[in-house]
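J.: Given chain A, put chain B in place with the hints provided.
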Amino acid sequence: MLSSMAAAGSVKAALQVAEVLEAIVSCCVGPEGRQVLCTKPTGEVLLSRNGGRLLEALHLEHPIARMIVDCVSSHLKKTGDGAKTFIIFLCHLLRGLHAITDREKDPLMCENIQTQGRHWKNCSRWKFISQALLTFQTQILDGIMDQYLSRHFLSIFSSAKERTLCRSSLELLLEAYFCGRVGRNNHKFISQLMCDYFFKCMTCKSGIGVFELVDDHFVELNVGVTGLPVSDSRIIAGLVLQKDFSVYRPADGDMRMVIVTETIQPLFSTSGSEFILNSEAQFQTSQFWIMEKTKAIMKHLHSQNVKLLISSVKQPDLVIYYAGVNGISVVECLSSEEVSLIRRIIGLSPFVPPQAFSQCEIPNTALVKFCKPLILRSKRYVHLGLISTCAFIPHSIVLCGPVQGLIEQHEDALHGALKMLRQLFKDLDLNYMTQTNDQNGTSSLFIYKNSGESYQAPDPGNGLIQRPYQDTVVENKDALEKTQTYLKVHSNLVIPDVELETYIPYSTPTLTPTDTFQTVETLTCLSLERNRLTDYYEPLLKNNSTAYSTRGNRIEISYENLQVTNITRKGSMLPVSCKLPNMGTSQSYLSSSMPAGCVLPVGGNFEILLHYYLLNYAKKCHQSEETMVSMIIANALLGIPKVLYKSKTGKYSFPHTYIRAVHALQTNQPLVSSQTGLESVMGKYQLLTSVLQCLTKILTIDMVITVKRHPQKVHNQDSEDEL
Amino acid sequence: MSRLEAKKPSLCKSEPLTTERVRTTLSVLKRIVTSCYGPSGRLKQLHNGFGGYVCTTSQSSALLSHLLVTHPILKILTTSIQNHVSSFSDCGLFTAILCCNLIENVQRLGLTPTTVIRLNKHLLSLCISYLKSETCGCRIPVDFSSTQILLCLVRSILTSKPACMLTRKETEHVSALILRAFLLTIPENAEGHIILGKSLIVPLKGQRVIDSTVLPGILIEMSEVQLMRLLPIKKSTALKVALFCTTLSGDISDTGEGTVVVSYGVSLENAVLDQLLNLGRQLISDHVDLVLCQKVIHPSLKQFLNMHRIIAIDRIGVTLMEPLTKMTGTQPIGSLGSICPNSYGSVKDVCTAKFGSKHFFHLIPNEATICSLLLCNRNDTAWDELKLTCQTALHVLQLTLKEPWALLGGGCTETHLAAYIRHKTHNDPESILKDDECTQTELQLIAEAFCSALESVVGSLEHDGGDILTDMKYGHLWSVQADSPCVANWPDLLSQCGCGLYNSQEELNWSFLRSTRHPFVPQSCLPHEAVGSASNLILDCLTAKLSGLQVAIETANLILDLSYVIEDKN
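Just so you know, the protein sequences line up as chains A and B, in that order.
With our numbering, the residue at position 198 of the first sequence is 200, and numbering never jumps.
With our numbering, the residue at position 419 of the second sequence is 420, and numbering never jumps.
So here's chain B without its partners, still in its complex pose:
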């Protein structure tokens, strides 16, 4: 019986952005995300008042998934950032801060949404085409023949997540591990279409970070007792593997919609067990060495297989099925009857291993594209953060493989881009306006709002009261400590720019980021020797940042365009 109930009328609010409530909630969100940003970002502890799990983090994915947002406008903002993060892993906070800043800056101007949106879109396409162009002065090519730039990329990600609680040495160690794990997933002799393997992250909590390691193949966790029972295999050749996806527990499978009547005295269990033992006999005659089952193996069958020196492991679980299929080259068997000979696979060797307090059964592949990253950290929350960071880094490396470019990090890209946009809108406004109905003044206003939004993203890198400067040649970012004595001698106070590409010994002019400057042309086309020599660059993923930029501006445009909010109160 369905119950009909009259629907309550919805609540309709006009011009939602102008209300005080929306402004305050937006600024609260902005405060949360800006304070998390960068290597010196502050950590947030999220916990539920009703108890349970406490999460300490500064990452957007963890932060936003724990926050409970109720206002529809904020919901749009957070979901769009979460969607970005789930597809690119990186640059979530950047996107969030940029979007909030842009909304705030543009709101202050009081221009019509049409103009704002149109011009924002123009400026965005200007940014994108610059970042993708050959003359771009803030991106460098990624050389896969050396590990240097790749390591820089991974290290930059690790250092920007302070909640991982890593020391400098540990950062180096984990970066190297992540890079190794990534390189292990690339098939050795791939022609044309590359299918990457997979790195499985195995948790080892309560250990030192330095104990983390990477192993080719798959680790299956087992209790010590189980492991002791497994007999060692002495075999020089590769081991034959059978992988079952169907249950071997002796359940009677689906009998159809009708009824099955079993006469008295007939034991179906025995019948099925007979069948299972027959299967065991077939496996023996096929010289299988290792039987793996996703579900449960009947103890009698297990015993039977063990008696014939076959290792049987059950309850593998569905998550390991795909990597196992890939690694051993088997076809998951779904039949209790005859097994096709080509559905068996092989592994090079198996061994047992002990890491910390955990025991593992280790399958060593012939040809590795599957590897296990044993990740250690001191406590649960730090481990969770480290795991997320490792996944981000692995994903960023994959994205970089597709698009082998990296952006200069540490805020240099943003200040450089802002300088470029300022210069472009100042000197060549006609090319941007073209056939539009916007005036030059409107363009200047929006461009200023846009550039200062970009610059305030960078401004939020500084949490300790220091100042941020920019040079007038490259448009890079330089930070100066809080209580620096005087403004006279910049080259001594500043050592390196944000990304580490330039040092202060050059003849440069600096000005405060928040002060007004004349528009200047930031130097484009990076010199090759500069890139080659620097070994400690801070780098960002190009693909993720480009998408973050686009998502931030698209979302801001979307929110600025809202004229009504209709809330369904049912």
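The shape of chain A in the complex, shown without the other chains:
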């Protein structure tokens, strides 16, 4: 049984949902934010200011809400920050869109409502807006970032070339981060802890790899201790395993360790084999042999100065006994994550007991500085001083707190900070389109230009790439011709097949299923609107396959742009941008990059700056869609500082701050921030793109279909009542 919900309310419904979510997250955003207590179904309690966790804990039922939460989660997984800002920004965007549709009854659209329902008209309208949003995100945003915003960026590095990290900047960055993530009586302490941890673990030359290691194994690198005040948390040199020694023998001097993944004692039979016992004597001899073999192995380990045996499985009593006799400490039953962490740190492969016995050296041993029991609140842990073979210097964090829920919050926040830093330490490639004056007016050619060669200011007087799309809506014969020419211009583009082939292998694997979906959609969006256009379009494609491939390629590139977060992809982009330097005259793709470590002062600086430049940009735009989208985004951006400054009064209130900032920008003076602290530009940029993607997703939905399997109440709008 199917029942469909009217999609006319798509934006309205989304706005309602987003507003409810906003009400919840805005109470814990920023330095003034408060805690939220979540209970798990198991009865445990968790304290959190992590927007992602809160949203997930709500178990929302509304489909749009669920989609928003999914978008937030995937954004968080990547960046570790910005869930609350995500919701606030999205809510303001939806509000802006909603206001516009209420106010402005589109005169152009009114012409053809006779045949189509109002709802469908609205849907197509949303579709165009979502199109414009996408174009904005893929083609305009990067340009504004690069050409205007970048001059305001500060760097976290004291010297950009060697990338030496400036401690005070990192402190400011982390403090601002933890301000929004942990309780306000602990954020200074926790950020100091993170800062110390960072500097203790990383060597100057350690790169992204260390972040990956710490990120992957963060759970194993910290130990939670309940019942102590938070201020007792500390960093311990070496690795702390949450296990006790099965046998501990103090040792010093040249100490070596081995890792085993199976029992050392030989067994009667292995899996799949059969052991036949014919006599009692045979049994006794085999038992004796097993014993002697175990003894010999342990002796051999002892002779090689092995003082520590780390095992992922439980070892029999016999092994433990002979280990003790030979002065070898044993730690058993380690989880596979712990073992893999140790192996990554010291680069050691597991020890396999030799079949044929010899006195030769055991290959798989590693030196350890120390191994001793560590007692934290009368519980015993194993404390290992590993000698790292990678850039990571092992340190563990002991997190203390009165309740487990608080410790988990701190652990979560530390992990998020790590993700944020990991993103910050990457370069961001900015690729965007810019136009120069062209004589034709209709023929737009695409070129790839290296920003080093030509750095041109965008000229607002020119038709953008969306122009043809826009015009087709108006059912304008001219526009159709324009499109035609436009497409034909493409066909004129002579790109050697070889080059295309070299490009495609790079781009194909980066396309995720959603992207392909959107790609197809952009490709076919023309045809969706007007059948006649499709008729024109298809023969064209048939006739000129070159045009199609070029076009397809372009769209792929634009998707590539929005996903440029991965540093490895940079390599695949560059050859393309170099290969086609002299292709055209009018429109050009620029690629530039934002160096790693770009930061801005906190307190809505990024938002106000982007708002200002977007408004400027919108003024110069001639196209209504583009202007509208820029305006909506610009205004929605201000929503974030508004929330942040909510509790401030007088000179520090939002209107004052805003006017000061705009004045400073107009007179080319440096911006003065009332707050100390820094935030990552990378994080903000990614947040912006994620929100815009989420919004396009919402706008492209025209109908929500609820499938009722069980005879139960439809819950479409109930979740709001619950909140």
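Fair warning: there could be bad hints in the mix.
Here are the simulated BS3-like pairs of lysine-lysine, each with C-alpha atoms no more than 30 Å apart in a straight line [as the list claims (entries may be wrong)]:
#	chain 1	residue 1	chain 2	residue 2
1	A	K295	B	K122
2	A	K79	B	K570
3	B	K296	B	K236
4	A	K648	B	K435
5	A	K202	B	K122
6	A	K648	A	K79
Here are some, though not all, of the chain B residues that point toward chain A, as calculated from beta-carbon distances under 10 Å [to be verified]:
#	residue
7	S11
8	P17
9	V29
10	I33
11	K76
12	V86
13	S87
14	G266
15	A272
16	I334
17	H360
18	C439
19	T440
20	Q441
21	E443
22	Q445
For the chain B half of the interface with chain A, some residues (derived, Cβ under 8 Å), not all of them [as the list claims (entries may be wrong)]:
#	residue
23	L269
24	D290
25	T556
For the record, the hints were derived by calculation from the structure and aren't laboratory data.
Idealized CB from N, CA, C, for every residue including glycine.
T.: For chain B alone, kept in the frame of chain A given last:
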């Protein structure tokens, strides 16, 4: 097959602290904990409606572990207190009462949580730095060369737990025993890093408390019949001990993942028994006198060992393994084959002992850091309470060894601290506020809430309708009986302050604790002679109280900071 089920939406409530339900549950919890506090605290009887065990207690650890708390906010509060108690044993009720009071007082003010939390934190650090400073007027150094202060410390703990049902004489006896047991765990010739031994508490229920005693070494409980069967050992030198952690019952151990096929007529049992007897022969040839096994010894082996005048005791259990290893210096043997000669240990002597109706096998060590505390009490519930109290006292002594200071008890520390905070916030608010955005008025309000929370903790020491006063010189606590005739003659009505350090013969001014007073500087730096002369002080553990203070305020801050509660209804 996994079953997918749609999750129910969670319940989200804003501003949880303002709801009536939370307030009432908080005040119920507060009533429960305050009425338990102190030597004259009322006992709580906890029992399950479905029957079973009844617990009579006034201790926070027993109380909170039996209470079933459902509201998430209360859960945060109780778990944080339980976590504190499990790491410091003492000051659980203090923490609970302070936390409840603070939440209640601050709620009444209606200031923003940001301000409250910030100022609470400042006041906390003020308290901590004062209590840790040299000039602190409410802590005394602990002298380990005499037992006096240590006894005071233990006695204070025992008297504050009325559910133990001890008379004055019994309290003295048990305090002395606890102190002896603690001193026995300190190794005699320790250099540098001290590793404390262990006191094992052996239950003897239904006996008089006076019969409790401390013995060096380990007691293993046995039936009389078993004990009779053991032959007395006549030996002048130390006895050689073998301690097995593996089973000696003749089980065939783990044979691997494959299959083992046994031909007809082959008896593995015999083969293993042969092996066991071989082991016995080795033990005999190694001149072992005593064989202890964590698990089961095969009766034939036992018989065999007995025949050769070796005492064999099995089923020791895992809890005794560590103390036994420590005491005898053995290495637990996990092999049925050859035994390394250095894995044997020794004991000085063994004997049998009878306490009450129980029979014990007593291992007497050469060098004792392990001792057994035989604890008697009349009935089960009183014994449980006494056992918990003894563990608390032993733990407090260990903590005091690490940080050799004690705080004045009986409520004097709290009133003194409150007086100090009042004085400090009144006379020197700038040093506290420094760069903050809080105003002086806010500071005064919070400081008043904080100090009155501290003072109401002390106020709950009085359960019999008496009044509580404080003097204007030391800031100590004085209690006066309920139906005292008139206010005129304080020195005659009051004899001693709460901790017993000062008496009323001095020229002092008193005022009621609940009345408003001018802030005054409580006298800091205790005079040495005052500490030396007093033999009957009430003392508290510094480490536990400091942590309790921190946990109480951190938890209160946490709860005050909550803006939403999201309850997962799945």
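J.: Does each hint fit the structure? Answer for all of them.
T.: Evaluated hints:
Proximity of K295 (chain A) to K122 (chain B) is assessed by CA-CA distance (about 62 Å); at most 30 Å being required, the pair is judged violated. Proposed proximity of K79 (chain A) and K570 (chain B) is supported: the alpha carbons are some 26 Å apart, at most 30 Å. A distance of roughly 27 Å separates the Cα atoms of K296 (chain B) and K236 (chain B); the hinted pair therefore holds under the 30 Å criterion. As the CA atoms of K648 (chain A) and K435 (chain B) are separated by approximately 24 Å, the hinted pair is consistent with the 30 Å bound.
Restraint check: the Cα-Cα separation between K202 (chain A) and K122 (chain B) comes to about 28 Å, which is no more than 30 Å; the hinted pair holds. Annotation: proposed proximity of K648 (chain A) to K79 (chain A) holds, straight-line Cα distance about 29 Å (limit 30 Å). Hint status for S11 (chain B) relative to chain A: holds, with the closest Cβ pair at about 5 Å, below 10 Å. Proximity of P17 (chain B) to chain A holds as hinted, the smallest CB-CB distance being about 7 Å (cut-off 10 Å).
Annotation: V29 (chain B) was flagged as interfacial toward chain A, and the flag is violated, the nearest CB pair being 19 Å apart, outside 10 Å. Of the supplied interface hints, the one on I33 (chain B) is violated, with its beta-carbon coming no nearer than about 20 Å to a beta-carbon of chain A, more than 10 Å. Using the Cβ-Cβ criterion of 10 Å, the hint placing K76 (chain B) at the interface with chain A is satisfied: the shortest such distance is roughly 5 Å. The beta carbon of V86 (chain B) comes within 8 Å of a beta carbon in chain A, closer than 10 Å, and the hint placing it at the interface holds.
Nearest Cβ of chain A to the Cβ of S87 (chain B): about 6 Å, under the 10 Å cut. The hint holds. The interface hint given for G266 (chain B) is met, as the beta carbon of that residue sits about 9 Å from the closest beta carbon of chain A, less than 10 Å. Here the hint on A272 (chain B) is kept, as its CB sits about 4 Å from the closest CB of chain A, short of 10 Å. At its closest, the beta carbon of I334 (chain B) sits 6 Å from a beta carbon of chain A; the interface hint therefore holds under the 10 Å criterion.
This hint is violated: H360 (chain B) has a C-beta 31 Å from the nearest C-beta of chain A, more than the 10 Å allowed. Annotation: interface hint on C439 (chain B) violated; nearest CB of chain A at approximately 13 Å, more than 10 Å. Violation of the interface hint for T440 (chain B) is found here, the shortest Cβ-Cβ separation to chain A being roughly 13 Å, above the 10 Å cut-off. At about 18 Å, the closest approach between the beta carbon of Q441 (chain B) and any beta carbon in chain A exceeds 10 Å, and the interface hint on this residue is violated.
Because the beta carbon of E443 (chain B) sits about 14 Å from the nearest beta carbon in chain A, more than 10 Å, this interface hint is broken. Interface restraint check for Q445 (chain B): the shortest CB-CB distance to chain A comes to about 20 Å, outside 10 Å, so the restraint is violated. With its C-beta approaching chain A no nearer than about 6 Å, L269 (chain B) sits inside the 8 Å limit, and its interface hint holds. Using the Cβ-Cβ criterion of 8 Å, the hint placing D290 (chain B) at the interface with chain A is not satisfied: the shortest such distance is roughly 21 Å.
Here the hint on T556 (chain B) is kept, as its CB sits about 5 Å from the closest CB of chain A, short of 8 Å.
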